[in-house]
Structure formats: structure tokens, C-alpha cells
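**Student:** Next come the chains, spelled out residue by residue.
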Amino acid sequence: MIRLRRTDARYPKRLEQIGHAPDPMWVAGRLPAEDRPAVAIVGTRRMTAYGRRLARDLALALARAGIVIVSGLAQGIDSTAHAAALEAGGETVAVLGEGLMAFTEVGPILRRRLAKAIAERGAVVSEYPLDVHGTDWTFPRRNETIVGLSDAVVVIEAPHGSGALITAEFARAHGKPLFVAPGSLGAWTWAGSNALISTGEATLLTSADQVASLFGVALAPSMLKPFTTTADRLLELLAPGAADVDAIAASLGIAAAEASTLIAELLIAGSVVATGDGRFARR
Amino acid sequence: MTRKPRKLGPNGTEGEKKEQGGPALGRDTEAVAATRELASEHPVAAGLTSPAELISAPEPAHRVAHVQACALWGLETALVAVEADVSTGLPHFSIVGLPDTAVSEARERVRSAIRNSGFEFPLRRIVVNLAPAERRKEGTGFDLAIALAILSASGQIASSIDGLCLGELSLDGVLRPIRGVMPRVLRARENGIERAYLPVENAPEAAALGTDAVPLPTLRATVEHLEGRVRLAPAPTPPPAPHPEWDVDLSDIVGQENPKRALEIAAAGGHNLLLIGPPGTGKTMLARALPSILPPLEPDEVLLASAIHSVAGLTDPDRPLLTARPFRAPHHTASRLALVGGGVPPRPGEVSLAHTGALFLDEVGEFPPSVLETLREPLEEGAITISRAGSAATYPARFTLVAAQNPCPCGRLGDAEAECTCLPDQVARYRARISGPLLDRIDMRVAVPRVPYRELRDGRARESSEEVAGRVRRARERMRSRLAGTRRRCNAEMTKREVERHCDLDAAGERMISAAVSARRISARGYHRLLRMARTIADLADAGEIGADHLALALLLRGEM
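So the sequence lines, in the order shown, correspond to chains A and B. The numbering used here puts the first residue of the first sequence at 1, with every later residue one more than the last. The numbering used here puts the first residue of the second sequence at 1001, with every later residue one more than the last.
Hints were generated in silico from the structure; no laboratory data involved. Don't be surprised by glycine CBs; every beta carbon is placed ideally from N, CA and C. Just so you know, not all the hints are guaranteed correct.
Residues on chain B that point at chain A, a partial pick, calculated with CB under 7 Å [stated by the list, open to error]:
| id | residue |
| --- | --- |
| 1 | Ala1515 |
| 2 | Ala1519 |
| 3 | Glu1560 |
Let the hints inform the model, and build the full structure from the sequences given.
**Tutor:** Structural data, given as C-alpha cells:
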């Protein structure tokens, strides 16, 4: 854990460009090289299964292409993006809205573990003194730091009043490219992000390529491909969220036994996971 | 250790009196004769060393009475000879032979009961011994035996008492029912005692075991019966119970094909099951349908399960022997004591009452974690040992666990008709209320979704419990013949070695399991649990080898990864 002053050579140059660059900044782990492109992926804590899948697919694709994933380590979209970046073997930076030690003391155990993993392969940073606990005002300021550390911002899923919308606001204020993923109309967790698209202030996200092309990086085609087999239809069926065996069999119009075998094969292959409550979801 | 009560020998009385050549010093000649006869056979028991000493003894003669009783510790029993000695001396009444408080208090009950039944309580020195004297005797079941022994020793009962005597006395001499009659009567039968004297309420329990059970209303009536003045008819053997009526039949439940399949697998193979679904989707109803498809109890299981109920004082007098596998559903406010048993003396808890049957924990996340953790031992060992200072009891506790839980704190996660408002961390915390080690022992995690209204009204024919129960019974028979010669009865109980021996996979199944293992989708423990479950699924399908589809279903139902 190190304390970086603005005068320090290791201090990220990107942060110089935002209004009040944090000084000092606490860093656990190692900040990625300055010349690596970085994209912030942010969104609501109350994510839907679809939002989770988008965040994961996007972070996987970008991290595999060597792009750093920046986010806020909140539960929901943020954590999903961090975890996917690690899974892809990429680098990721988590910007906390509280002191580093305060987080390790009171943070939920699962995300404490995630923070540890991030610090090994990237950095967990905070502009607050070690023992400061998060409050209503610490998180919005942290959001500006996220924008400061990134070259582009993607909002995956955000209801009205979400902190992710504040991040989007900062992105526009600092002139960073802003992408927003579209969600179903009427779904309240997507209302804020959809509204952002409707104002024309953000680009509608259609693929990971769209983001990667900003940096002249080409992605392996992975996100969207035509589906032909029953397995593909099953994966498509699970795109909006988890389902149980009976529902899957009914939707695909196949017998329960056939559906069971199919799901089991996909489970073993790793493209489907059990959610722990007897249902199955896309990974 | 036990001795049959002796009858007085009328011939001996006359003959020996002459030989004695002196006036009898005892209160009556019968007593003298009794002592003499006893002394000739058991000089030490009579307090004498030789017949010669008896002749010169200045003391009034007396006799020691023996009545058969039985002690109970948990499910363990031992015959106890209740010996009473009434001798001259200052009026005194003591009970020796390690009595606990309840047995010591029998003195007061017995004294009042004897007086209030119109008998004389001897104002002499009375010592009652409970032999063997080395183990602590618990409970109120010795009252009747103590009273009869005193009446016999003081000559108020002349005839022999030839059966097992059990029962608590009230102060006015009425007999009260006791717990644990069944294991005690079983013990007596093993020792060739075919008759039992019992309170009226307990008589059917003994009669159901085939023992000649004499139902006793009062101490007075007991003595009248023993003396042959009024014969009490033995309790009739309770009629075999009619085919049990089930609260819920599987055909009452619409949709839910996957949960029903899981229930069937749980019933056949004894695998543990967790039902997860939003409130009001029928988790409880599904669980309550389980008894209707459980295989019938086997004869030795009937005795043991009924004996546990008897020890807990839960025997139904109209149906003392269980006719169906027990289904226990303790509320989540149940304490650890209620769930696993305990207290002084240690009583069986819900896990033991569910032995051979099913234990249903509704809202399992609401049970305190410390209570849930106590389930680990019975789930692993099939028994629970309750150790307390001075007493330990082991009760069998092999049951199928069925638990139900909401998917998240608000209960709406995954519900198509409502929106869940829980944060991911809240859901994770909620799920973590069932600890990893416990969750590991749950073989199936099954979603119980909300059934759409149009399905509720479709009126299609649904499979009845009877049909499913038939499949379960046939699958059980396959398991029994496979596990013949072992104490295990169903697939869930198979040892790892038996899993290796009996769980043959066909080629496709073999490919699937090796793919799952090499992709690290299952752990070593999960591997064996998975194969046991796949074996049950194959048994239900009447298949010799486990196929890929059986294994696939087992994988999905296991639902972890």
C-alpha cells in the first residue's frame, strides 16, 4: 500500500486533466502503465441477469484485448466487470469511495476477496485517508476519479438516481466518450440509462468492437454470433435471465429429459452455471 | 441378577415348624416359613448365613419380595429387579440402587398410594433395592413395581407377580401412563417375560408387540387381579391401522414437474432436498406430499421408530405401532434441544423422531445457524449422541432432509410476476445462512417457480401419489437386493466402496462424468453424492446401467458449480 502525491512520478498523468485531482492517493497493488487504454464500466448495484451478462461479456472482450477495466468495486455491475477482467487475465483498477483499510474492515467478505485479487493483478485505489468510511458525498467524488482514470465510459444498467448517471455526467463534462447499453422499456433498473440514450448525450452501445475501435484495437468476434443448434437457442433463451429446467424444456419445446442432458452438457462445458437456487443462467 | 418371586410352600411350613421345635418369633408363621425357605436357598439375601442361625434368630422373620421392572436410558434398556425388604426397626423407608430424583420421590407417591388404596403401609424398616445397583435409574416408571414389592414383602399380596410391572402412581392409587413402554416391553420379551402389568393408557403399546398386556386402572385393582379375585382382561391387540390417508396427494399439485421428480428421487433413494422458490408457489405443499410416496416401513424399522416415539411419549394409543414413515416438521423457532434431543433424562429430538422418515425444515434460513449446524452429525452418522454430565444417550437419526427457502430476503428473485428489490450482497448473505458443510450434504437444489394461472386451470390429468409410490417401491426393492447383507437400505446410504461397485455407467454416461471431472465441475465428495443420486434415478427408470440422461438429471438437481 503506497501513498502517491501529485509530485510523484508514478502519479497517473490522466488525473491531472480533471478538476480536483486527488492528492494524495492511496494505492494497493500496481497501477497499469499510462499508455494502456482504459475503459470504465459502471452500473447499478441492483443489476438484472441481463445487465450482469452484458457487463461480463464486455469486460471479458475488452480485457482480452489488453484494455484496462476501471470501476468502483460496488456490488452489482462494478464487481461483475472487475471479476470478468480478472477472469480474462487482464488488468483492472478499482476506485473506492472509502479508505482502503476501512473497506477491508467492514466490506462484505466476497468483495474483500475480490479486492485482494484485484490488488494482485492491478490496483485498488482511494483518494480518502485509510480509515475513512464511505458516506453519501464520498462516492460521487470517487466517480469523477473513475472518469479521470479512464479514456471512455460505459454505463451498463442504471435506474433513475443511480450513481452511474453521475459518472456519465462527469464523462460528458470531461469530454470522454460515453456509451450506454440499452435495456428493456419498462424495466426500472434500466430507466435512467435508457433516458440518457434518449437525450442524445450518449452513444448507444451495440458491441464491444464499438468501444475497442476507439483505441484501434480489433476484437475476436465473440459477443454475437448466429445461433443454429438447440444449445444456441438455449443460450439465447437464458440471455435475459436464469430459468429452471421445466421452463427451459417448455420454451424449447423439447422433453424434460432432453433438456436436462443439454443443460448438463453446457454446465460441463462451462457456458451455463447453476445459480444455486435450482435455476440456470448464462455465464 | 433377577430372581423370581417365591411362593410359600405350605408343606414346608408344617414340616419345618416341627423341626424348629420352638415357638415362632415372627408375626405370622407364613413369614417365618418364607424366610426359612429363602434362607435355605439364599442365605445372604435373607440376611442370614445358615438355617441353623435362623432357628436361633431372635428377630421376627420376614421375606424379600422381588418384582420385575425395566430401566430406560435413551433407547437402551435393562431389566431391573425391584427388591423390597420389610424388617423390624424404627419406621423407615429408603430406596437404594442409584435412584434419580424422580425415583427417590417414588417413596412419597408409593406411601400415599398404598394407604389410599386401602392397604397398610408397614410401619417398619423398609428398604427397596433396584438391582443391578450400579447404574442410575431414571423416571417414574418404577412406582408400581416398588408398591407391589412392598405389599408382597409385607404379606399383603400372597400370589406371585410374574410379569413386567411398569407405571407411575398417583397419591390416590390411580396408575398413570409413562414414557418409553415399548422398548422396555421389548427388552422383557427378549428375556422371556411375556406378561406386562401396565397403566391402561400404555397397555395397547405392549399389546401391539404381542405381549400379554394387563391394563391396570388402580393399585387396588392390580392387587385384586394378582390375587385372582377380579380378573382384568388383557388388552386386545390393536387392529392393524387402515391404509393411511394423506393430507396432500401429488395429483393435487399443478405443474412443478421438476420438483415432483426431485421428491420422487428423494423418496426412493433417501437423498436430501432443498426447495427454493418465491412465497406461495407451493414449497410447503410439495414437501407435505412426500409422505404419500415414501416406501412402506419395514418390520424392524416399525419397532425402532415406534420405540423412539414411545420414549418421547408420543405414542398414539389407538395406533401404537407406526404404520407409515414419520414426517416431522419442526417450526423454525425450535430450539437445539427440540431438534436434536436432550434434557435430563435425554429425550429424543425431532431428528430422531424422523428416523426412517423425513424431516421438513420450512423457511430453513430462519433457523438459528447454531441449531442448523447440529444437523451435521445426524446427517453424516445417521445417529445422534447426546452427552450430558452423568448421562449419555444415542438415538438413531437417519432421515431424509427436506428444506424450503425463499430465493432472497424479499422472496421475489426469479419470480416472473414480481420484481426483486434485494441487493446482490443481501442475497448472498441470505443464502449463506445455510452453511457450506450443511449445503454440501444437500443433494438436490430445486427451484419451485410460480405456476401461471392458465396452467392452474388446464384440468389435465396429473399423476397420482399412488402411481409414483409404486415406482418408488420398485426402486427400493432394487436397492434392497443390491445392498442385501448390509444394514444399508437405500442408495443415499451407500458407502464409497459400494458406489464404486454398484454405479456402473454406460459409455455416454462415462464420457459425461469424465468430462465433468476433468473440467473440475464436481468435487471428490460431490462425485460420490452425484453417483448415488444417478443410481437412484436409474433405479426409478428400471435401468441396470446409469445412462447419460440419468447422470445429467443428477447433475442438474445437484445444482452447484
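**Student:** Now, for every hint given, state plainly whether the structure supports it.
**Tutor:** Hint-by-hint comparison with the structure:
1. For B/Ala1515, the interface hint holds, since its Cβ comes within 7 Å of a Cβ in chain A; the closest pair sits about 5 Å apart.
2. With a least beta-carbon distance of about 5 Å to chain A, the hint placing B/Ala1519 at the interface is held under the 7 Å criterion.
3. A cut of 7 Å between beta carbons decides the hint on B/Glu1560: the least distance to chain A is about 6 Å, and the hint holds.
Violated hints: none; the structure is consistent with every hint.
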